[in-house]
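Participant: What follows is the residue order along each chain.
2 protein chains.
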Amino acid sequence: MGSAEIPFGGPAASAGTVYLVGGGPGDPGLVGLRAARLLATATVVAYDRLAPPEALDLCRDDAELIYVGKQPDRHALAQDEINALLVAKARAGDAVVRFKGGDPFVLARGSEEAQACVAAGVPFEVVPAVTAGIAAPAYAGIPVTHRGAAPAFAVVTGHEDPTKGATQVDYDALARFPGTLLLYMGVGRVREIAAALVAAGKPVTTPVALVRWGTTRGNRR
Amino acid sequence: MGSAEIPFGGPAASAGTVYLVGGGPGDPGLVGLRAARLLATATVVAYDRLAPPEALDLCRDDAELIYVGKQPDRHALAQDEINALLVAKARAGDAVVRFKGGDPFVLARGSEEAQACVAAGVPFEVVPAVTAGIAAPAYAGIPVTHRGAAPAFAVVTGHEDPTKGATQVDYDALARFPGTLLLYMGVGRVREIAAALVAAGKPVTTPVALVRWGTTRGNRR
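These protein sequence lines are chains D and G, in that order. Read in order, the letters of the first sequence are residues 1 to 221 in the numbering used here. Read in order, the letters of the second sequence are residues 1 to 221 in the numbering used here.
Calculated directly from the structure, the hints in this document are not laboratory data. Heads up, a few of these hints could be off.
Identical copies carry no separate label here, and so any pair may be met within one copy or between two of them.
[Claimed, not checked] Below are the SDA-like pairs computed for lysine to any residue, each with C-alpha atoms no more than 25 Å apart in a straight line:
1) K202 <-> P178
2) K202 <-> G186
3) K202 <-> E125
4) K202 <-> G10
5) K202 <-> T43
6) K202 <-> R189
7) K202 <-> V87
8) K202 <-> D80
9) K202 <-> I66
10) K202 <-> P53
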């Protein structure tokens, strides 16, 4: 595509700049106007395993598309490689979009990519996006807040860095959190998390929803 | 405008349907593709005080634009009126977009508008959006999560329903929350909230950012 005019999309992607662009939870209709404009004008697009693949149709025909999707078990090394790639491409004069699933700053590595740009003196822009914890329940008919019922919600990693030990997430405090709890990447630890919350006083009658492939055609709940 | 082609915007707004559409925190570039397509095809658009006004340029020339912005002090009455308006317009055969600031289900009244549609038998669709608590700090260079530092964030109302009393938000649990706290609409109670968190054990050295008009040209922090 590439030539699509996007209202309110702002200026085209600039040579020598890195754009940390959120793609939202999966439905390409949730991609933002600025994000679409940047995808349509970048010369390099480094995209995630979870970024909405349809949106890559917006890219220029001559754009270099680089799949940097990470396997769950080998984050650390790959992230360094991604950081280095973004910096190297920008320094080579490309207009670089790092196209990520969800929001770049919500339990993603966007802040580390921003740090890499700062360290390298490469200009960058962050484009926030719809986060799955809000949108996936919404598509399932569940509001994360509701007047009189839930005046708050919390987004918590369900897949902690094993090197941090178990104490980083205080399940006692979480069990008392006055609102909806949204666990990301929690499917592998769902039993332990539920047990910890109940042990800390969360009623066993608390309603629970599990969503996978939220907002996409593969949506299951 | 109205005729703008929006990639991945999905089908046009349907007669007799209510669309609860989030406009994001202020920057019209953060409006989503589905949201833009619905704005461009609705026959009635009921818009908020905080929905990005520029995005209304997308509307059809013959669309009826209705300002339903609420003053902070008279929520209750106005919300009933808004619910009734949405239902009446849809029943009259309009394709109705309810265009809201932020996300319709995050400390907004979108879930009540959805309930009104259900009660009236009017079909509706929810279009999630970028929420200010994530985007406004991002524009200020602050990630709400960061590996090794903040594995979670919480969005909490800073402007509780006065009829609920003070006990709905448990500041003791909030003070122990293992991540970033995002207080919405908290400017009027910032002293009391800070005092309550410190009294519950939050270190007085905890970094704090105040953002107003986040992501807009009036942005101050």
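Participant: Have a look at K202 and E125 and pick one of within, between, both or neither, based on CA distance no larger than 25 Å.
Facilitator: Answer is neither: 41 Å inside a copy and 32 Å across each miss the 25 Å cutoff.
Participant: If the cut is 25 Å between Cα atoms, do K202 and T43 qualify within a copy, between copies, both or neither?
Facilitator: Neither way: K202 and T43 sit 50 Å apart in one copy and 46 Å across, limit 25 Å.
Participant: For the identical chains here, do K202 and I66 meet the 25 Å Cα criterion within one copy, between copies, both, or neither?
Facilitator: neither (44 Å within a copy, 44 Å between copies)
Participant: Within, between, both or neither: how does the pair K202, V87 come out at a Cα-Cα threshold of 25 Å?
Facilitator: Neither: 46 Å inside a chain and 38 Å across chains, both beyond 25 Å.
Participant: Taking 25 Å as the upper bound on the Cα-Cα distance, should K202 and R189 be classified as within, between, both, or neither?
Facilitator: within (17 Å within a copy, 29 Å between copies)
Participant: Within, between, both or neither: how does the pair K202, D80 come out at a Cα-Cα threshold of 25 Å?
Facilitator: Neither. Shortest intra-copy (39 Å) and inter-copy (34 Å) distances fail the 25 Å Cα cut-off.
Participant: Between K202 and G186, at a C-alpha cutoff of 25 Å, which is it: within one copy, between copies, both, or neither?
Facilitator: within (17 Å within a copy, 27 Å between copies)
Participant: At most 25 Å between alpha carbons: which applies to K202 and G10, within, between, both or neither?
Facilitator: Answer is neither: 46 Å inside a copy and 41 Å across each miss the 25 Å cutoff.
Participant: Between copies, within a copy, both or neither: which fits K202 and P53 at Cα up to 25 Å?
Facilitator: Neither. Shortest intra-copy (38 Å) and inter-copy (42 Å) distances fail the 25 Å Cα cut-off.
Participant: Treating 25 Å as the Cα threshold, decide for K202 and P178: within, between, both or neither.
Facilitator: both (11 Å within a copy, 17 Å between copies)
Checked against the numbered hints above, the structure breaks hints 3, 4, 5, 7, 8, 9 and 10 and satisfies the rest.
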